[in-house]
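Dock chain R against chain P, hints included.
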Amino acid sequence: MSCSRMETRLLGYIDGRLKEKEQREMEKHLAACPACTVRVNEFRSVSSLLDELPQIEPSAAFDVRVRARIAAEPVKQDWWSWLGAAPRVLVAASMLLLATVWVGHRPADNTNMASPGDETQIMQDQDLPVLENYDVLANFEPLTELPQPVSADEPTEQDM
Amino acid sequence: MARTDVQLMLDVKAGDEQSFALLLHRYRTPLVNFLYRMVRNREQAEDLAQEVFIRVYRARADYVPSAKFTTWLFRIATNLALNSVRDTRHQRMEVSLDAPVTVDSEEGDERRIDVAEKNPNIEEHLVREAQRDMIRHAIDKLPEKQRAAVLLHKYQDLDYGEISKILSCSESALKSLLFRAYETLRVELAPLVALRAKN
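Order-wise, the sequence lines are chains P and R.
The first sequence begins at 3 in this note's numbering and counts up one residue at a time.
The second sequence begins at 275 in this note's numbering and counts up one residue at a time.
Chain P on its own, in the form it takes in the complex (with noise of 0.2 Å):
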């Protein structure tokens, strides 16, 4: 093994996180090289000078902060834990839903379709007006007294 290589396994040799096999070469390259054994020894002389750093408590007030922070943030709920909250809202919504559906899909109504048959019918139907004024006109008595139309075939007096 390379001094190279073996950078990247130094802290895991001096952590012993290496595996076997990586423990093992590693072994085999210090005993060959002391430039490589001298920079363990002065890695594991500045782990154990982190070592020397001590901890520090939170304060009192950290977790009073923390609790009131949490304590203030807005409930959250999702909608069906709402929904199931309210079962009363459920069962409108849903009745609603059901309502549009069926709205929606039911079979057209045929009382308001005219068959073929009945053109001729609803043709009268929309000149009622007109042929009511027809018969107003026709029995109208003024209008009896107007002499006969002259039809074409006739000869007129002119033509005698």
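Bear in mind the hints are in silico, worked out from the structure with no lab data behind them.
Be aware that a few hints might be false.
[As the list claims (entries may be wrong)] Sample of chain P residues with no beta-carbon within 10 Å of chain R, all distances over it, derived:
id, residue
1, G18
2, A33
3, L92
4, G106
5, P144
[Stated by the list, open to error] In silico SDA-like cross-links for lysine to any residue, where the CA-CA straight-line distance does not exceed 25 Å:
id, chain 1, residue 1, chain 2, residue 2
6, P, K21, R, S450
7, R, K439, P, N43
8, R, K472, P, P56
9, P, K30, P, P56
10, R, K472, R, R402
11, P, K21, R, T345
12, P, K21, R, K342
13, R, K472, P, N43
14, P, K21, R, Y434
Cβ coordinates follow ideal geometry from the N, Cα and C atoms, glycine included.
For chain R alone, kept in the frame of chain P given last:
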């Protein structure tokens, strides 16, 4: 038997507030220490730690135990810390590098004097404190990502897989990062390292 972090978090998701209190109790000290060593300011570290817990709480409904809880927790913490360090970099630049690091050290100036007064061997105490300041200063000088890697590796006892996920890099990249960080620390702390070698 103590419930695992994942179990506690799933209970929080189900609405159990007490489980969140247990998670808070379990991780408040490691989190505050990690953040304190990242940002070097106790008040700021506590504010950031609060923010981490709030974000965890807010994300409870969407929590899926796809990774270790600590990976998720420290990923949030690391991102917040890195953003904070970058935001305050200009302020930090204004502080002289020669200024004593003890201004906001773990013990605090006033408390340190009290301890020193009670300690019969003041000289020994002061030497130890000077050494600690030197170590803090050396960690402080590391680039942010290297610092985060060292702190997660050394003090949180997380494995390489977890740390690489937290820092969003490959395991081999993490090992190189740690090696470079330790090389820098070895140089910065050379006098102390030599002293250790003698002993």
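Now for the hints, and whether the structure bears them out:
1. G18: Consistent with the label, G18 (chain P) stays out of reach of chain R, its closest Cβ about 12 Å off (over 10 Å).
2. A33: holds, 20 Å
3. L92: Check passes; 20 Å lies beyond 10 Å.
4. G106: Holds: least Cβ distance 35 Å, greater than 10 Å.
5. P144: At about 92 Å from chain R, P144 (chain P) clears the 10 Å cut-off, so the statement holds.
6. P:K21 x R:S450: holds, 18 Å
7. R:K439 x P:N43: Judged against 25 Å, a Cα distance of about 29 Å means the pair is violated.
8. R:K472 x P:P56: holds, 24 Å
9. P:K30 x P:P56: Not satisfied, since the Cα-Cα distance of roughly 36 Å exceeds 25 Å.
10. R:K472 x R:R402: The hint holds at about 17 Å.
11. P:K21 x R:T345: holds, 23 Å
12. P:K21 x R:K342: This hinted pair holds, its Cα atoms lying about 22 Å apart.
13. R:K472 x P:N43: At roughly 12 Å apart (the allowed maximum being 25 Å), N43 (chain P) and K472 (chain R) satisfy the hint.
14. P:K21 x R:Y434: Given that 25 Å is the threshold and the Cα spacing comes to 13 Å, the pair holds.
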